[in-house]
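> Residue numbers (the working numbering), protein chains in the order written: chain A, 499 to 931; chain B, 720 to 1089.
Keep in mind the hints are simulated off the structure, nothing from the lab.
Mixed in with the good hints, there may be bad ones.
Unchecked claim - Derived contacts from chain B toward chain A, CB cut-off under 10 Å, selection only:
#, residue
1, R769
2, G773
3, A790
4, I792
5, Q804
6, F809
7, F820
8, A825
9, A829
10, L878
11, A1010
The structure presented is a predicted model; accordingly, all values stated were derived computationally and were not measured.
Cβ coordinates follow ideal geometry from the N, Cα and C atoms, glycine included.
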Amino acid sequence: MNNLFLRVSIWVYLGIFFAYLLGPLVIMAITAFNSNGFPSVSPWECFTYAWFSELFQDERILNGIKNSVIVGIGTVIMSVTMGLSGALILTQVWPKLRATYYTIVIAPILVPGVVLGISTVVFWQRVNNWLGLGPDSILADGLFLTIIGQSTFIASYCMLVLVARLQRYDLTLNEAALDLGASHTQAFTKILLPFMMPAIATSAVLAFLASFENYNTTTFTFGDYPTLTIELAQKVRYGISPAISALAFIIIVGTVFGALTNEALKRRKELQAAASGDTVAKVDGGFRLPSFLSRNPAMIALIMLVAAVGLSVVNSMSHNPAQCIAQVQTERQEQRALEAEANLRALAERRAAAAAARAAEAAANGETVEEETTTAPASSGNSTGAFGNVFAPTNLDGAEDGEAEATEEAPASPFGSVFDPGNLETEGASDNN
Amino acid sequence: MSAGVGVNLENLWIRFGDFVAVRDANVNINGGDFFSFLGPSGCGKTTILRSVSGFLDPSEGRVLIGGNDMAGIGPNKRPTALIFQNLALFPLMKVWENITFSMEIAGASAKERRKRADELLDMIALPGQGDKLPSELSGGQKQRVAIARALCAEPDVLLLDEPLSALDLKLRQHMRTELREIQKRVGITFIYITHDQGEALTMSDNIAVMKAGIIDQIGDGKTIYNDPSTAFVASFVGENNVFRGTVKEIRGKEALIATNRSGDLVSRISTANQGKMKVGDEAMMFIRPEALSIAETGSAGDHFVTAKVNHEEFEGNTFNIFTEGDGGKEIKVSIPNLGQTFEDHTGQQITLEYETQNAVAVPAGELATE
Ligand SMILES: Nc1ncnc2c1ncn2[C@@H]1O[C@H](COP(=O)(O)OP(=O)(O)OP(=O)(O)O)[C@@H](O)[C@H]1O
Ligand SMILES: [Mg+2]
């Protein structure tokens, strides 16, 4: 009983946990296929790949990806090299200095990226001036600065990964190599480097990902080479489009696929190492789920995802999205017309009711009443508090005040009109045309 | 056989800061010898070996290999190969790649290397195991691969740092004979380090016994065992019973020692100390357990010891009697088991007898602690 309760609560907990973790990603992936101009799931209109084609026609996004990849590769080379030298020095340095050295080398991780970005620009500008170079020298180049700036802290990450492996290195191996006639360089390249390879690969992937997603530092250094994150940030300022969801979807699938491929390769290697497992499989004969599947739900999920995408492709070929979109368009127009009509009718009724009431009142009091033009208590936008009028009580009133008014006059907000749903509607409409 | 390359240590001092790890070592190792450094843990054996292989510079003195001063010559330029205490096989390389690493450095082709590896694998009795990784080998196999790797470099001097210490007893005994065999076959100088006196005695042509950075005695196994020059060597190499006392009388090559507990006993003076011990000096006398035998009760004289039996044990090949002894230490008597019947002496006073030539006297000194 108790056991059952425990098990159920564990599953519930896991459900909530994964919903929290993966929910946003799933939602975002779905919005990439909805024809609705605002990234959304619930008013599901039509299944479409339009956002993907829009994404690949966006010069700025493509350019951003290109710059990100260049910066990523440069950062990987810089960071892994610096990280490895840092890790090696850490093992060589005088024990009493080690703690101090470690602190200094780790410090960039703790410094805010913004500070690193600014200081990179300022420092290299000085160096540039000091060397008497012009503003278009390599030291002032956006790519150079971005790579250098990002590497300042990414190298520290790499060093942490590399130090962990280096601590497991048996220094007598180096001596053994020397003793057998190798030079110091040969001992490094033939013994230490191969030993470090797994950690070097890990830190390279880490460095690339950290570089790819970096914004704080890059925003000061990019110059003429905006990376993907910079481009996205600039794009979002003018409203968010499902094309970005499409990009996110591609990145998610790429990441999951890469991780699982890596995992599968690793398992295969393990299998090869365990020769006994091999023979068991051989003796078994018959059909057997490949081991990387039978023990890997994520891989199954991915395969199902790929299957789903494949199915939807077939589906989309048999049914034309354009047709659907056109249909939605007309439906929407009709709906709008109906709504407008209904609104007008409601307004007219209210007016008529008010007039009747007034007439009745006047008749009762025997007085004449001035004609009122507004029904709202006070019009918004007049108060000038420190916070604009975000907190003005009328704001809320206005929002409650019926659709007719809300569509005619949106309340001003301190965020400008970025999050204005009306804004998106017009943009989405133009997208659809 | 002695065509090999010799090694000489001349007034060798090695210091770590204030700490003296090796104090004024003078050793001449003949070419083609199997030479052992024997001593307890931490006495500086590895330090000496590292100075020969070039990983450590002497603070003072010289290391000569084949008559050439090795000062300023790096480990990769010396004609030595070292087998490390932990073997240090390259974990990511296959066995054959490990063995022929020195050839790879020299620029040999993979084909040549493969061929040489197969030859060496045959020699160490691991044919066809070249494609394994070191992690897939047993301890004894790793051991042999390490030896093959060192031999592949064709060194003039092979240095071995307690290579058998990680193996179990059976394998260790097997590897002893195997090592000795290999050494005879290749005919190069072996310098072997161990804290196991059995290993040193069975394998070596010559042994240097070390204590806390100092070399106490150099000699062949028989000399070290039968004719120790210090109390430390006598107590470290093999089992020994110690009798403390002062020299009462010198009779040529023999001495009469007034022991603290067992009366006056006569003993031979060890060769290195003849003419150096004087009447009145503090001395130690050593008698091996197997050199003592039970005498008729009541016998008296300068080669009889009377003591009370604490306990007895049967060890298979010997029957051991432990009696009260000097300085809290028991006297051990080993009687070979030849099928005779043993009576139980526990609690009784018994008289033990020895022959003068089997007792050895040295100046009093520090004993080895077990
Ligand atoms: N790099 C070093 N720095 C300071 N002291 C050292 C260093 N290497 C060795 N020592 C000291 O020198 C002494 C001898 O060390 P060594 O390694 O030669 O001992 P060993 O005889 O090989 O012992 P074992 O049988 O345990 O291997 C030890 O007391 C050790 O603490
Ligand atoms: Mg040692």
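> Each hint should be assessed against the structure and marked as holding or not.
Here is how each hint holds up against the structure:
no., hint, result
1, R769, "holds (9 Å)"
2, G773, "holds (8 Å)"
3, A790, "violated (17 Å)"
4, I792, "violated (12 Å)"
5, Q804, "holds (8 Å)"
6, F809, "holds (6 Å)"
7, F820, "holds (5 Å)"
8, A825, "holds (7 Å)"
9, A829, "violated (14 Å)"
10, L878, "holds (9 Å)"
11, A1010, "violated (43 Å)"
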